[in-house]
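Use the sequences and the hints to build the structure in full.
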Amino acid sequence: MLEISNLTAGYGQSMILQDCSLSIKTGRVSALVGRNGMGKTTLLKSIMGLITPASGNITLNGADITGAKPHIIAGQRIGYVPQGREIFDDFTVYENLRLAAIAAKVDLKARLADIYHWFPILKQRADQKAGSFSGGQQQILAIARAMIAQPEILLLDEPSEGIQPSIVQDIAKTLKKISDESDMTILLVEQNVDMILDLAEDIYFIENGQIQAETAASKLTTDPALLHQFLGI
Amino acid sequence: MIEIAIPLMDALSHVLILILVALGLMIIFGLMGVINMAHGELFMIGAYVMVMAQQWGIGYVGGLILAPIIVGFLGWVIERGLICHIYHRPIDTILATWGLSIALKQAVVLTFGPEAQSAPLPFDMRVGIGVFEYPLYRLMVMGASILLICMCFWVFKKTDFGLAARAVIARPQTSEILGLNTAKINRTSFVAGAALAGIAGALIAPTISVDPQMGLGYLVPGFLSLLVGGVGALSGVIVGGAAVGGSGSLLTNWISPVASQIVVFLMALVIIRMRPNGLIGGRKK
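If you're matching them up, the sequences are chains X and F in order. Position 91, counted from 1, in the first sequence is what our numbering calls 91; the numbers after and before it change by one each time, with no gaps. Just add 1000 to the spot in the second sequence (first one is 1) and you have our numbering.
There may be inaccurate statements among the hints.
[Claimed, not checked] Here are the simulated lysine to aspartate or glutamate pairs, DMTMM-like style, with alpha carbons at most 20 Å apart:
id, chain 1, residue 1, chain 2, residue 2
1, F, Lys1157, X, Asp90
2, X, Lys177, X, Asp194
3, X, Lys129, F, Asp1160
[Said to hold, decoys possible] Derived coverage of chain F by chain X (criterion: at least 3 residues anywhere in the stretch with Cβ under 8 Å from a Cβ of chain X; other residues may be distant):
id, segment
4, 1161 to 1168
5, 1178 to 1189
[What the hints assert, rightly or not] Over 10 Å on every C-beta distance to chain F, these chain X residues come out as not near it, computed from the model:
id, residue
6, Met15
7, Thr66
8, His71
9, Pro165
By construction, these hints were calculated from the structure, which means they are not laboratory data. These numbers come from a predicted model, not from an experiment. The beta carbon of each residue, even a glycine, is placed where N, CA and C say it ideally should be.
Put into structure tokens, the structure is as follows:
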């Protein structure tokens, strides 16, 4: 289980997360929802070790990973799909996946069967330069790249951002399929309500650097008041 | 024919050594953003190892093996002791490595004296190439340089380490979140760049006078090669090295060395002015 306790973190003197606490349930899809600037990305970056928290703790299955180097945290089988995708433009699709296998020290061939099952387009375009992909295809590649390491927990930072709605639906369907077929925990940071409702089981609302409310996704469809309160829709 | 063939061969020999030096600079700069002002001294120490190897009685082959090991180890000490503390501070790295270059030069002066040393040629034969004869050792240096350059390209383009290193160059933070230990890759690359300078120095030592100031003669054209060829692409080093080293070496056949240096600098200025990303870099995008 991923446990965040009393976390305060930010950039320089400006603390975005203020005494933030959150428990991510194992094997479930959780969504972290909130407006821009409320601390969603800061929380994911803190979990990944990209930001060193000023105070508080992050534990994974009881082990403290607060402030550890990002490659050590990645080695604890936490996969991260950053905002903006950050794929390697000059590498082919295959090289992007190969790099992830080298980094995670896993057998690429063994993992490719799963990856190509979930994302068949990557098999068809394995030799294509990733930079020539559309935004949606790059997002698929970024998710596949994170999946190579067979993560226990997958962190996704706004996977729908800048992507056409039909591809967003495809990505949501694939992530749902992955979540159903594996026991992977997913923490999704998102503002796209359709994607949240399609995918998430547990929803956490963040405002001013703290978790203000949580609910089951099933309840949200009948009572959208929380969405109105925290997303303004 | 002979009038042009021999200067061309000399220029090619000079270009290949320059490319080896510039490749080391490029690997270190490309990966870590570190402008290593002490790279010329690493080259010079490689040459001194070759001189000493002959005096220690381990011969030419011993020197050739020992030079990249000793200079690579020195690179490891420099990275651990100095560079790793000042990453992402470009001005500080320039100042620190410049200070280091002075310290290394003075250490060599104190140990071996300021006078030039020489390493004997391992063999002093000339071989016929068509209508002219050329020293066999120079041909061997050219062959070894081509082999090392090809090896560098192979490592960077084909191996797992090369893919990881190129990833660190392109997106260091993303590489880290995928699980790559970027600090370790940087260190390995710094050692490789230093070892490359060491072996280049050892290879060239029997053909030039080895003195504490020799590094500068390769550092400046090495940096110029990077700028002319384009920082970021390995192939840029070859184009830049050929343009800077080739023109400089060829011009000395017709004009004085000082005048040829001035012409090379002017040519580099014009190229950089017209193509700020270099001959290869400028073509991208």
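Going through the hints against the structure:
Distance hint between F:Lys1157 and X:Asp90 is fulfilled; the C-alpha atoms sit about 12 Å from each other, no more than 20 Å. For the suggested pair X:Lys177 and X:Asp194, the alpha carbons sit about 16 Å apart, so the restraint of at most 20 Å is met. At roughly 18 Å between alpha-carbon atoms, X:Lys129 and F:Asp1160 fall within 20 Å of each other, so this suggested pair holds. Check result for the segment 1161 to 1168 of chain F against chain X: holds, 4 residues qualifying (beta carbon to beta carbon below 8 Å, three or more required).
A count of 5 residues in the segment 1178 to 1189 of chain F with a Cβ less than 8 Å from any Cβ of chain X is obtained; the coverage claim is therefore met, three being the minimum. In this structure X:Met15 is separated from chain F by more than 10 Å, as the shortest Cβ-Cβ distance comes to about 21 Å. Once the 10 Å rule is applied to beta carbons, X:Thr66 is consistent with being away from chain F; the minimum gap is 16 Å. At roughly 5 Å from the closest C-beta of chain F, the C-beta of X:His71 falls inside 10 Å, breaking its exclusion from the interface.
The beta carbon of X:Pro165 sits about 27 Å from the closest Cβ of chain F, which is more than 10 Å, so the claim that it is off the interface holds.
Hint compliance for this structure: hint 8 alone is broken.
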